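Start from chain A and add chain B according to the hints.
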Amino acid sequence: MKVKKPLFGGRRGPGEPQLRAEEYRLLRDLVSERLGIWFGPEARSSLERRLRERLDVRGLTSFADYYQLLKYSPAAGEEWDEAGDLLTTHETYFFREDYQLRAFQQELLPMLAAKPRRRIQVWSAGCSTGEEAYTIAMLILESGLFEPTDGWELRVYGSDLSKKCIAAARRGVYGPASFRATTDEARARWFVPHGREAPGPAGDPAPPRFYGVAPAARSLCHFTQMNLLDEERTQLVGRCDVIFCRNVVLYFDAAARRRVIETFYERLVPGGVLLLGHAESLLNVSTAFELLHLKEDLVYRKPLIASAVK
Amino acid sequence: MTERTAARVRAGLEDPEPEVRRRAAQEIPALPAPESCELLLSALGDDDWRVRKEAAAVATRVEPRTAVVFAVARALAEHENVGLRNAAVEALILIGPDAVPGAIDALGRLDADGRKLAVEVLAGAPTLAGIKTLVRATKDADVNVVIAALEGLGKADLAGEEARELAIATLTALLGGEQETTAPAAPAAAAAPHAAQVRGATLDALRALDAPVPWASLEPLFGDALLRRNAIAAAAGSGAPRALLMLAQAVADPSPTLAREATTSLGRSLEEVWGDEELAEIAARTLRASPAAHARLRALARQARDPARGAALLALGLVRDPDDVSLIAEALQSDDVAERAEAALHLFGDQAVEPLLAAGRSAAPSLRGATISMLPDLASSEAEPLAAVRDALGDTSPEVVAPALKSLAIVGVGADLASVARHARSADAKVASAAHGALLAIAGRHVGPAREMLQGIDPRGDDALWAVIVVGALARAGAEAPSDAAFLASALTHREAAVRRATIDALAVVGGEEAAQAVTVSLADEEAVVALAAIRALGHLGHAEELASLAATTRDPMRLGAVLRALREADPERAFAAARPLVRSRDPSIAAAAIDVVGDVALDGHVEALLSATDHPDHEVVKLALGELAKLGDERALAALASAVEHAAESVRRCAAELLGQFGADGESVLRARLDRERSADVRRSIMQALAVRSTGAG
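Keeping their order, the protein sequence lines are chains A and B. Letter 31 of the first sequence, counting from 1, is numbered 31 in the working numbering, and no numbers are missing. Letter 394 of the second sequence, counting from 1, is numbered 394 in the working numbering, and no numbers are missing.
Please note that a few of the clues may not be correct.
Stated by the list, open to error - For each label pair, taking beta carbons as the anchor points, the in silico distance ranges come out as: (1) A:N284 - B:A77: 20 to 30 Å; (2) B:A364 - A:E79: 50 to 60 Å; (3) A:E79 - B:L603: 30 to 40 Å; (4) A:L236 - B:P581: 37 to 47 Å; (5) A:E147 - B:A7: 45 to 55 Å; (6) B:A418 - A:D81: 33 to 43 Å; (7) A:E79 - B:G176: 54 to 64 Å; (8) B:S362 - A:H222: 54 to 64 Å; (9) B:S669 - A:E79: 55 to 65 Å; (10) A:L145 - B:R8: 39 to 49 Å; (11) A:P215 - B:R10: 55 to 65 Å.
Hints in this document: simulated from the structure, not taken from any laboratory. Here the structure is a predicted model, which means the values were calculated and not measured. Where is the CB? At the ideal position from N, CA and C, for every residue including glycine.
One chain only, chain B, in its complex shape:
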């Protein structure tokens, strides 16, 4: 059988049709060694790129791996077939840490071209051992090897903190920095004629590692035509006054590439010095004085997918030209830059109001909504903006009305209650929800007009919804009236579920035995939103007995989750007692609800309960338990995560890897050990990301 398969694969790889050869390559992992290695190399050297690419992909599944690695690494010495060499690099990178010893071994035997390829493998599969080898390769006799090694050091964060620190020390020393280091103090003599290239690669690597470069080292390089781009990129995040000045100047650079890089770096620096007006003003003055810089920022701020867009928006905020407000407001609709657009508009303060109002008048609904939502922040006490917010309540689009309601929640007054109330029964969920929030907020602040508004309202009529919301707001503000209880009791039988739900919310605030009895009746409501509100209300009212009994009988996961959480609010010990046996429920939905509660109630035995869920057959339950355990941050959690990173399911291993990234040096050791053995490329990526997050302190 195997012989026949081998013969078929061999014949397939010799077929004149590339598609046949590609499909034959897919079968190589099914063959035994040494034939698998031989045919893999043959496919890696195929004339067609698709066959080579397929062979590189299947290399990860060919066994025995050590033999594969050393066989493929030998192909790095190939001179004639460039396709084979490149495919060999790709295959080794995909194999990952297991390929590192082969690449290190090859490095000592190969010529300059081959060494460069071996270095690329070490850079593509970053491990501590590989990074140490790259540090040595920065002294190579060939400048291309040196540069490839420097680029590889820029990925050292993916191999953990120790690797990152080693790389930064090496790179800083190469740059002639001031930090103490055990790394070589100067580039190899062979690289000296290419000093600019080496320095450029060094700066880029430091930038990639998010490592600060002393401004004193960077400033002279801004005038160096060869290194200007690298220096601008490396200055990102610098808060030195001269850095802000020179980056702002560089925004006007005639080269669009340099100008974009300068804008990005300036944006990072502005974020670093955010709130320091003196420093920001240095950049602002420079940008205002340069029409070219201003024009460049406008162009970048218009580019929907440009990575420099957010930085350009921030910089335009510094310039504070009213003509830019509509351009910045446009960006409020884009998730990726909305936060920076808001920040930029805040820099304008009330100067943004007029142009924002003008932009909002003729814009599409989503932009009108975005501008309306900004107005209270920019000018909360001025009449004209507030009038615009109130006018927006009459807009036909929910995208405008909902933000207007949210704005009024912040700045509305008693006189706004009636117009807000009209939206409480909107068919648009977003609008109805915003109206609910606004009523609660305004009525809580303006109890007199709110109480007055309730006069003559029928609790079973069409106005009941806003009325019960207002009653709830008054109760929250401590302004209940004796008649409220009867009003709510009547509203609780309203034909509309939304009214019944809002009534229960209000009763939960009013409190008392009567309220609890009324709420209990609603547990049987056929509408889930009403029943869930009743469960929550019982928790708020402290009715543990009833909830404990519900926990024993409820099987619907949504309801059970709500019951357990409500019980947690009423009586954490009983909630724990009810939830603990459920963490191993065969029904994953019930186990998940129980884990949520057990994790949150830190009572004796909760760790053991969570640990017992880590071998649940449902992987999602295991992930939930790991997430709760990770919050402990102790040795037991570390042990559980270390075990989970060996789990059979990839999704669990990825989750454990991400959580281990938060566990300091101990977590890093576990991750590095697993990285060396992990076969799944996706899990390896998660491990490297976790190591990078840990080493840079990001996330």
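If we strip away everything but chain A, and leave its shape as in the complex, we get:
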């Protein structure tokens, strides 16, 4: 829905700088080039609101100065970490989009269990605060198909643009919002209460609000801060059997989407599978993947023959 006229003109405190149209154009293009995230014409106030605090931290008085900082300053690298953190969406929770997780557990994991090489690596690309990566680890362990005593080497990589998110993922302690789709059974099995709560009115201990991920799942997961457009960094992930990248590329512009999908193709082993969010597809992005029809989901597979003809 297009806003014809501003209803209230946005919320800006006294003396706070305004993001002018030309500054918006420059910053928008810079963010797109560096992070792949695309801000459309309606998103000016959103960009302004998200980045405003950085101007003050840096002692700047205009968004033009901030553009200069991001583009040309020696301090740009560390500032991009901060900006990336503010510009990305961190909404996630355990066992999100259960139909896809069922497809992963019931159909893809048995396929992986049939591999001759006893090594499984899954990449949760854009893992935010880590819930998805831990969920994947839990599903792998729950399947019972990959007993470490049988020589299986299991690894789940979680990566995100935001350093703060990665720090939270490594901490592995979560509040109620992360458990909105977690059954009591799963909670009991895969989480341990964290911290003490104040006693209730009757003096009895209140139920815990925070839980930590159980060690078995934690030990499978490794986290790292990474820009998916940074080819040098993505090389470090190694070859993956499955890549989850859900609700990430929908925020990217077309060029960034193509680059990221190429990276995934390159990182997957032949026959490896890419799972996108339900609103995302590779239509008009890449023809490199085959469609693999599962009972509950449609996923993308790198052709088995790919490496032979490359």
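Chain B in isolation, oriented as in the chain A frame:
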């Protein structure tokens, strides 16, 4: 070599393995004509969708283009291989305006199925010539062709204003509207049995073009089962009282699709009539009287990614049921609908306060913060909301404390200064910044208590930060005291950079030679934020001489940018003289800083200086210069942009296209001419968006 490549590609395209054929298709552009055309057609007709899709994508790179276009257009006549036909359409659309003559040519020779495909090509690669052909196609003997043509006219804005106007005139005439037009006055006889379909497509096309449809034409269609959805969508933005009434009624439609469409349209109409309480009340009464409509709005307002969410929130604001406040408040956290949620809460006025306070008590920090930030707007003088804002200062989450401080900046009083001051040294940047703003605002309004608060404060102690901010606020309010200068001079040597920076800001307001001397010392501060503040302060204090000398010696881009901008404030002519030679600096960061200043100082020679930067080797510098030139809005700017839209770098062409969209008819001609030649799909998209922005007047 080429023969070997051709043989390999040919063999690859015949391989039984689809992946091998797909990779062979990628190599087709490397082959010469006519083999490239032949193999392209073969790949476009492959059994596997991935090979066809790859072939369509590489078609844009196969030469000679005219031969490719006419060869692929011939495939539109294909009857047996549906995959080939569809891939041919996709390839031609990707080729873009160059494919239009081929599609127009094919239109005259093909059967109905083929004509429909040719029309789809014209719709997918919108040009003025293509839109004129689509107008003729609305008289086709086949109804499917007519409908495809109407859908294509709905994209006419991407071909510029003339195309959009032509399309609107044609569509309005088809609808039996009142506007004068040279377009056909009625649909073709062949389409008559399918009149409802044709009208529906016509309404949708008008909606897509954001063209108003007279309410009188729409109202009868609300009762037509076949056209109700189209009519509801086309009524979006109408401010007619009956439109508001009927859209509000349609929100309760049993069909979820129609109800969503009605909500979206009602939202657009509410935005159009915003501020007209009488009109809004028409919709409000209807919604309040309908529990089904209310329930539907609540459901839509809860859907995080539903495009109708913002409209549902606005409509709930009209209903003003206190039970909805927490639901609306939730949306304050979502960037895409926050503005509408705020608008909805404003419609409640102080009725929102109680439920907002209740919602804030148990919510997550971000929502608590959002509710706190709304309270001063809704009830700035009432005790209870203000008490909640003050309580929020004690919250453990920065997401709550920062909005509370911002709220107090608006409504706080002298008694709040102490509690605000406690946050000035917060480790959270957002909180510290909000506290700084609040101190400045409150102390400026309540100078007596602010002055009193400074009693006995050590300028080198832990309270120095808030104290120097308050001194600065008092100076701004014209309430300086003789002791302030000594206080600031002492604070300037504080161990914390934040204090030194705030002191410099205060000295800049206090003014005078002593202040300037103190500030000058801080130019050498090792902390960038302090040095930058000193540079800005010198500008504010009018010390051009010092700044001009700094401009000649500074190389750090951030500092140089700050120096040039400060010099601009102190002495625009000297700033211009200093910046002008730097616009062509080899260091792009320096050139960028110089362009910013030169563009802003409209002195003789600034246009020439900016023009000289348009061939800078760094594309970002070129874009900056173009942005500054575009602000001139004159012929020189147009010429520069016309030249830049031919630039070798795609990013520059895209930037020039976007800027040309603001240049009226002349800009449109340049864009249309370039669109016909542009090979990059991304740049073409930018050009079409610029044309659309221009033709609809949006953006």
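Self-check item: Which numbered hints fail
Solution: 2, 8, 9
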